[in-house]
Amino acid sequence: DGGNLVTFNGGGSSRIIYFTNSQGVCCDGTGSPFRYPVLNIQNLIFKNGYIRAPLNSNDLKYGGGAIYKSGGVLNIFNSVFYDNSATQIAQDIGGGAIYSSFGPTTIVGSVVVSNSASNGGGIGFIACNPCGIYNSIIAGNKATGFDANPGSGGNGGGISYDGSGSLTICGSVFTKNENGVNALGGGLFRVGYDAGKDNTTIDRTLFDGNISPNSSSALYLQDHKITVQGSTFANHVATSGNLRFGWYGVAGGLTLKNNVFF
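To convert, note that position 98 of the sequence shown is 89 in our numbering; the numbers rise steadily by one, no gaps.
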């Protein structure tokens, strides 16, 4: 617990935390993610974290400018991430501030602002299960890649989530995030792999003024069960096609309840 008095500064030259399980692999013999070790972060500030992949590399370990996590459990409480950056052009690499894969991640009462990466300018998830964002602010982050996947990334200005699992977003704000050229999801991008099991729930959350140079400036959600309730979507900018919300291949079902769109 840093008591809001401790700042980790990568100096624009190094990542701050690299966290993985001791086995060096994501999953046990049954294919389930390892749920140990556990990293708890509370009342800390992370800034100027930096990581870059070698030329033409698409190795996921070059995501997560402030925190890279593969396997295990990551819990973040009341912390701030700003001006962190990860690899700027790559098909799959993501997470300007935080990259998390294969195992639970919970983010509560935190601020993720002005970070950048090829995908998931603020946060990148791959098969993170379950993942939750609660009472947090995701603002002014940018996905810097282009041409999506296949291509050179650019999906998910605020958050990008690729793969199976459960994502819950509650009581949060997504504002002024921007995806890349010929890519999708200014605020949020999520593609599931199993429409019968994968799911996203968005509850009492504000999406305001997110930006796309193409379409789906608020969010893009594909191939999983989607529930959006009690949320507001306002002031989004999609400079081509004027499509602010993308629901594609929603074989798992789409439920919209008590939302405001303008």
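Keep in mind that a hint or two might mislead.
SDA-like mimics (lysine to any residue), calculated; alpha carbons at most 25 Å apart, straight line [to be verified]:
1. K188 to V102
2. K52 to G142
3. K52 to C161
4. K248 to G142
5. K188 to P121
6. K52 to S155
7. K52 to N140
8. K52 to L(-4)
9. K52 to N(-5)
10. K248 to L197
Simulated restraints on C-beta separations [said to hold, decoys possible]:
11. N66 to T(-2): 25 to 35 Å
12. N49 to S155: 12 to 22 Å
13. P141 to P28: 15 to 25 Å
In case anyone wonders, no lab produced these hints; they're calculated from the structure.
Nothing here was measured: the structure is a model prediction, and the numbers come from that model.
For each residue, glycine too, the CB sits at the ideal point set by N, CA and C.
Here is how each hint holds up against the structure:
no., hint, verdict
1, K188 to V102, "violated, 29 Å"
2, K52 to G142, "holds, 19 Å"
3, K52 to C161, "violated, 28 Å"
4, K248 to G142, "violated, 35 Å"
5, K188 to P121, "holds, 12 Å"
6, K52 to S155, "holds, 19 Å"
7, K52 to N140, "holds, 18 Å"
8, K52 to L(-4), "violated, 29 Å"
9, K52 to N(-5), "violated, 28 Å"
10, K248 to L197, "holds, 14 Å"
11, N66 to T(-2): 25 to 35 Å, "violated, 20 Å"
12, N49 to S155: 12 to 22 Å, "holds, 20 Å"
13, P141 to P28: 15 to 25 Å, "violated, 35 Å"
Hints 1, 3, 4, 8, 9, 11, 13 from the list above are not met by this structure, while the remaining hints are.
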